[in-house]
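Protein sequence lines correspond, in order, to chains A and B. Its first residue numbered 13, the first sequence is counted upward by one per residue in the numbering used here. Its first residue numbered 1044, the second sequence is counted upward by one per residue in the numbering used here.
Derived by calculation from the structure, the hints in this document are not laboratory data. Beta carbons are placed, not taken as given, at the ideal position from N, Cα and C, and that holds for glycine. Hints are supplied without guarantee of correctness; some may be wrong.
Estimated spans, in silico, between C-beta atoms of each pair [as the list claims (entries may be wrong)]:
(1) L156(A) / D1089(B): 41 to 49 angstroms
(2) P221(A) / T1093(B): 17 to 25 angstroms
(3) E273(A) / D1056(B): 16 to 24 angstroms
(4) D1056(B) / I92(A): 31 to 39 angstroms
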Amino acid sequence: MTERVAILGGGTGGAVLANNLAERLGPEIDAGDVEVTLINDDPDHVYKPVWLYIPFGQREPADGRRPLRDLVDDRIDLTIDRVTAIDTDGKELALRDGAGPLGYDYLVVATGSTLADEEIPGLAAGGHDYYSESGALALRDELLSMTEGHLVLSVVGTPHMCPAAPLEFVFMADDWFRKRGLRDDVEITYTYPIQRVHGNPHIAEWAEPIMGERDINVETFFNAESVDPDANTITSMEGTDIEYDLLAAIPPHRGVDVVDEAGLGDRGWVDVDKHTLEAEAAEDVYALGDAATTGVPKAGSVAHYQAGVLSQRLASEIRGRPATATYDGKTLCFVETGMDAASFVEFDYENPPSPAPPSEKLHWSKLAYNESYWLTARGLL
Amino acid sequence: MSTIDIEPTDTVDARGAACPGPLMDLIGRVRSASPGDVILLLSDNDQSLTDVSEWVDETDNELVAVDESDDDYGFYVEVA
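So here's chain B without its partners, still in its complex pose:
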């Protein structure tokens, strides 16, 4: 059970999507987000663990938490 206490501004449910679908879904949502928004990306693709963090490192956005407590991953990205 998740211990992450962050209320996301928006959630992107990319579970079931093949790589790189989850990352592209996240990028698409970040495009229309406002600074300070927190986007929660749900993915069941292991590749997202590296895809998301590598992309966030390329930007000014921040990966504030990763929830690995359930079968799916939850990535909390704060938009710069």
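In isolation and in its complexed conformation, chain A is listed as follows:
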């Protein structure tokens, strides 16, 4: 009997997992004993870290897009469609376009994050973001022509993709305006929902003095309640108003609705065991990357490492052996601290991050990895 693996989502987690399974289970796939299907509603794979550079005119959306078919092993069945329902009892997926439900024996939910600007009144009209292609392009139009005024970076929603990116944006903006002789005319303010500048206390402790040295205003305990696009103000639940000339916001994030409808979790995030990545609410269902509530950042490195673990676990299950591979929380991030310097952090469930001293070498390492990312998506790096 053929064992069917369905991977829902072709982002970093889904693509790396598909390629890893093709390599690991190649003989079984070739023999027809295993089928791996990757379902994505976009024919392209999108590498989101490119978006941070778009507002500064350094990258284009096309730099972060490649056809999934070019990246995924030929042994993987690639289905471009949207899953409209998950039946975890009947082990079936309903497809928007495809004929009939798609059955599975093992399901991996890798549906990632979506933006929910509509949760904050006025945010869509008054704010910009670099967490989407369209947002990054619109922000670029504003930022490239900004020569004076108040630039506000507000972290509105948490958890959000790439927790370091808000820090990176203000560090880069500071350096970018400074190098162009405009910094005295551009005030920069950073807001964060809790009492420090980052969710992780070790990273916050590292970043806060840098913000002080760089004259970046900090407003903590700022949970945006509304934005007034006419008055150019953002107001917090705590009662603080900030006037802005340009608002770059990290919008609230959600997963996808089918997760909630299937009873797998809330707001589109799948409740999982943070070591095995098994869904808590259903048998033979797993989740990884942004979609999985493991408590670690919603970051590509997390999805990448989790995909390696899940590939081993699925191969063990399919071969009837005990699955022993577990995810230890490993996370790795380069953190830009300007236009030509970066730091680096690595941590897991047990070991906290200790940011490396910023250097030009780490900046180039980040850019080099962004280029070689396509090897990661192919399962080679």
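With chain A fixed as given, assemble chain B onto it according to the hints.
Same frame as chain A, now just chain B:
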């Protein structure tokens, strides 16, 4: 055993979540709550003891009780 006699309007179970997850879960629920609602936040993270009270102090909401009688903490927050 708890001696707190408050019937919460809603409960947020953030046990198992790493910091600042419990506080953010609470803030998320307060966003959609009505004035007078009492939200019970369950957390097993020691950091919540300072996170929650510091955030409530920044707002007009009120921390009406903290249950420390079991292994987990229970924070009762009345929404302004």
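Hints and how they fare:
1. At roughly 46 angstroms, the beta carbons of L156(A) and D1089(B) sit within the given window of 41 to 49 angstroms.
2. About 21 angstroms separates the C-beta atoms of P221(A) and T1093(B), a value consistent with the hinted range of 17 to 25 angstroms.
3. In this structure the hint that E273(A) and D1056(B) lie 16 to 24 angstroms apart at CB holds, the actual value being about 21 angstroms.
4. Checked against the hint of 31 to 39 angstroms, the C-beta distance between D1056(B) and I92(A) comes to roughly 38 angstroms, which is consistent with it.
In this structure, none of the earlier numbered hints is contradicted; all agree with it.
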